[in-house]
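Here the first sequence is numbered in numbering that gives the first Met the number 0, starting from 0 and rising by one per residue.
None of these hints come from the bench; they were simulated from the model. Quick caveat, the model's predicted, so the values are computed rather than measured. Treat the hints with care, as some may be off.
Said to hold, decoys possible - DEER-style ranges, computed between Cβ atoms:
(1) 101 with 353: 37 to 47 Å
(2) 475 with 9: 36 to 46 Å
(3) 453 with 329: 27 to 37 Å
(4) 272 with 456: 46 to 56 Å
(5) 60 with 467: 43 to 53 Å
(6) 261 with 429: 34 to 44 Å
(7) 56 with 453: 49 to 59 Å
(8) 57 with 130: 25 to 35 Å
Claimed, not checked - Straight line, CA to CA, 30 Å or less: simulated DSSO-like cross-link-like pairs of lysine-lysine:
(9) 266 with 296
(10) 131 with 158
(11) 252 with 263
(12) 325 with 214
(13) 157 with 174
(14) 448 with 388
(15) 296 with 157
(16) 296 with 252
(17) 156 with 214
(18) 175 with 3
(19) 252 with 157
(20) 185 with 73
(21) 156 with 175
(22) 158 with 174
Quick reminder that beta carbons are idealized off the backbone N, C-alpha and C, glycines included.
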Amino acid sequence: MSLKIFNTLSGKKEKFVPINPDYTGFYVCGPTVYDYFHIGNARPFIIFDVIRRFLISRGYNVRYVMNLTDIDDKIINRAKDEGVTSKEIADRYINAFFEDIQKLGVRPADVYPRATDHIEEIIGIISSLVEKGAAYPTAGDVFYDVSQFEEYGRLSKKKVEDLQAGKRVAVDELKKNPADFVLWKKAKQGEPSWPSPWGNGRPGWHIECSAMSMKFLGQSFDFHGGGQDLIFPHHENEIAQSCASTGCDVFAKYWLHNGFLDMKGEKMSKSLGNFITARELMELYPTAAIRLFFLQKHYRGPIDFSEEGLNAARTTAERLSLTYKKLMDLIPENREEFNAENIKNSKRLEEFYERIESLDGELIASMEDDFNTPAVIGKLFDMVREVNKYIDDGVADGPEKDILSWVQMKFDGYDRFLGIIDKTRDGIDFERMDNVMQTVIKLRHSLRKEKNWVLADQLRDDLTEAGILLEDSASGTTWRWRK
RNA sequence: GGCGGCGUAGCCAAGUGGUCAAGGCAGAGGUUUGCAAAACCUCCAUUCAUCGGUUCAACUCCGAUCGCCGCCUCCA
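All chains should be modelled from the sequences, with the hints used to inform the complete structure.
Set out below in structure tokens:
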């Protein structure tokens with residue numbers, strides 16, 4: 000099987016053919032750091048990280064870059080409101096960003112370039128565009144001349160003449176063409192600015208991504224990801240700037256765009272005010288549930304945010320984690336290397352092995368088909384049922400347990416890119432807690448031996464109140480946190 | 001006005017031109033259990049927005065209609 004990816008540029012699924020054999024370049028549009036990011040913003044952070052981790056697990060050497068936009072109108076306005084510098088605002092929310100993505104189980108990018116650290120590169124690109132006649136300076140501003148770029152509109156499938164320019168926002172009268180966009184903005188009084196050949200000013204929004212992606216990944220690279228709302232104008236403009244300046248045909252080869260998170264049928268956004276921040280949501284739901292909530296839906300489709308959906312995802316995540324914990328508990332400390340030869344004389348083991356092996360193939364195939372995580376999760380739950388059934392039927396020492404360590408390795412493999420199995424013990428010193436609980440369980444065991452059901456039940460009920468669930472089974476009593 | 005997307009069971013959500021369609025949540029019954037929990041088994045869409053067309057065969061292809069959403073302005 001080979002990896003197929005839906006490319007916005009062609010509007011079709013395409014086979015993945017890396018540009019460079021040594022590494023795979025992946026650029027994702029990161030946050031503008033003027034506030035905490037909301038749960039809709041979190042979607043690309045999660046999904047593109049999952050895609051990147053899957054690529055890594057398939058053996059690609061991925062170089063993953065996410066920019067931090069640390070200079071723009073919103074940051075400047077916020078700084079004015081609070082009476083602090085733009086840099087203070089940016090630093091504050093960059094720190095918050097790192098805290099939040101870590102809690103969301105998102106692996107850090109390899110590089111997080113900041114716009115303000117790349118003014119020199121940005122000016123370099125603008126200069127070359129001006130030299131080539133692709134951009135024109137006016138009184139302190141520099142605009143990109145859309146009419147000079149034939150391919151303009153290819154990504155978004157828009158024609159410049161069909162755009163309703165000025166319908167909602169007045170067109171800057173300095174522009175030759177309403178679709179032209181600003182590369183360099185003339186400094187206004189009291190705003191942060193940098194010197195340039197066109198006077199003091201600051202970069203426009205789109206140019207930083209061209210500058211930083213090409214600096215870290217080269218003129219042509221494999222993947223460029225972002226939200227669907229960035230297709231136009233942001234990504235269209237990035238292509239125009241980059242290709243006009245370097246003369247290369249391909250800027251990013253595959254363009255990936257995630258769908259939106261809706262709130263009651265409407266896009267969640269800061270401007271509509273219908274948002275909930277990621278950090279607020281993480282107070283209410285475990286990370287695994289939030290990730291599952293996103294991954295149970297294909298990344299290109301819309302998701303409707305709902306409490307019911309999140310609650311369902313929480314129950315689902317718990318089911319998965321419980322099975323994983325069962326595996327862990329059954330596998331001996333000094334596990335034997337699983338050898339498929341050892342199961343040849345057991346029909347039961349052979350069947351189990353083949354069933355898991357076959358589901359494994361289907362799971363990976365689904366992931367390779369444009370990262371179909373909902374189908375992947377479906378296969379994973381087929382496995383969960385197989386494993387639970389297998390365990391329910393009883394597991395003896397030896398090959399019967401060894402095969403479970405093989406299954407656990409499979410699960411670990413999937414979770415290296417999905418990140419939906421809760422393996423944590425909520426930060427509590429689990430060793431000690433477990434020692435205490437073993438004492439309690441022993442005590443209750445003697446009560447049950449005496450058939451003192453009243454006390455035994457009360458002990459269990461009280462523990463449930465305290466947030467700890469006791470579960471009795473033929474092989475003994477186990478405990479877990481109540482969610 | 002232009003462009004793009006979506007409409008599958010109570011809810012969420014995959015999928016295929018040809019055994020009347022994965023998985024999850026919720027629900028019903030059962031097995032197991034001292035009870036509980038977990039787990040397992042069974043049931044839960046003759047139907048895939050509507051109407052036409054192509055085809056031996058469509059939910060899957062084409063057209064139209066209705067409904068919803070997004071982009072064309074900052075936006076993940």
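### Query
If you check each hint against the structure, which ones fail?
2, 8, 11, 12, 18
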